[in-house]
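Enquirer: One line per chain: the protein sequences are A and B, in this order. For what it's worth, this note's numbering labels the leading residue of the first sequence as 1, then goes sequentially. For what it's worth, this note's numbering labels the leading residue of the second sequence as 1001, then goes sequentially.
Simulated from the structure, these hints should not be mistaken for lab results. Warning: the hint list may mix true and false statements.
Stated by the list, open to error - Each computed EDC-like pair below joins lysine to aspartate or glutamate, with the alpha-carbon atoms no more than 20 Å apart: (1) 1044/B with 44/A; (2) 97/A with 1097/B; (3) 97/A with 1057/B; (4) 3/A with 1085/B; (5) 3/A with 1056/B; (6) 97/A with 1074/B; (7) 16/A with 96/A; (8) 97/A with 1014/B.
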Amino acid sequence: AQKITQTQPGMFVQEKEAVTLDCTYDTSDPSYGLFWYKQPSSGEMIFLIYQGSYDQQNATEGRYSLNFQKARKSANLVISASQLGDSAMYFCAMREKAGNQFYFGTGTSLTVIP
Amino acid sequence: EAGVAQSPRYKIIEKRQSVAFWCNPISGHATLYWYQQILGQGPKLLIQFQNNGVVDDSQLPKDRFSAERLKGVDSTLKIQPAKLEDSAVYLCASSLDGDSHNEQFFGPGTRLTVL
């Protein structure tokens, strides 16, 4: 079974609008971390936001927030007030405490339309 | 703070040739990862080091790929001999340790083209 599933290969959003990128995960480890990374066309992977499995509140970092629904095993990324520079690939990832490996999803390509 | 350094940034070789990539992680980061990212896909872990020991190399094609991390700092990833399907970006990343809350910091990657 896939550890991380991103079902949206591509998304479009109007500039200044909000957009939600979906991510579901699969683990039996009670302790894990969820991460979102941005990969612009230049290729570097940029860390955006982190959510721990025991965190009670949804993580927020500036215009990024994580809609964490533990029972549904989902960790959707919400980008508010989209900017042209947000156009990139976005990857959801998970790290289990046991094993230490990072699992990445297949990514979502986001295009912000002026 | 300096980021993760990788070299070369680009490499073009012919199939059956050998190639090596170098990575210098962020100072103090005990855990180092090598990923292969094929165009249009997410990164796939090849090998993970904790200091100079291998934690996970289950997805490393050991018949042609090898990696080492001398003295628990720099690391090299080698492919010998290369195949056409090895064309990809090879990403190196590091994190403080193996704790689940520590994010990975990525280098700029090495784009390998095998002709």
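Enquirer: Against this structure, judge whether each hint is valid.
Expert: Here is how each hint holds up against the structure:
1. About 15 Å separates the Cα atoms of residue 1044/B and residue 44/A, which keeps this hinted pair within 20 Å; it holds.
2. Distance restraint check for residue 97/A and residue 1097/B: the Cα-Cα separation of roughly 11 Å lies within the 20 Å cut-off, and the hinted pair is therefore satisfied.
3. For the hint pairing residue 97/A with residue 1057/B, the CA-to-CA distance comes to about 17 Å; that is within 20 Å, so the pair holds.
4. For the proposed pair residue 3/A and residue 1085/B, the alpha carbon gap of about 24 Å is over 20 Å, so the pair is violated.
5. The hinted pair formed by residue 3/A and residue 1056/B meets the criterion: a straight-line CA distance of about 17 Å does not exceed 20 Å.
6. Pair hint residue 97/A plus residue 1074/B does not hold up; C-alpha atoms about 25 Å apart against a cutoff of 20 Å.
7. Among the hinted pairs, residue 16/A with residue 96/A is inconsistent with the structure: their alpha-carbon atoms are about 35 Å apart, more than 20 Å.
8. A threshold of 20 Å between alpha carbons decides the hint, and for residue 97/A with residue 1014/B the separation of about 40 Å lies outside it, so the pair is violated.
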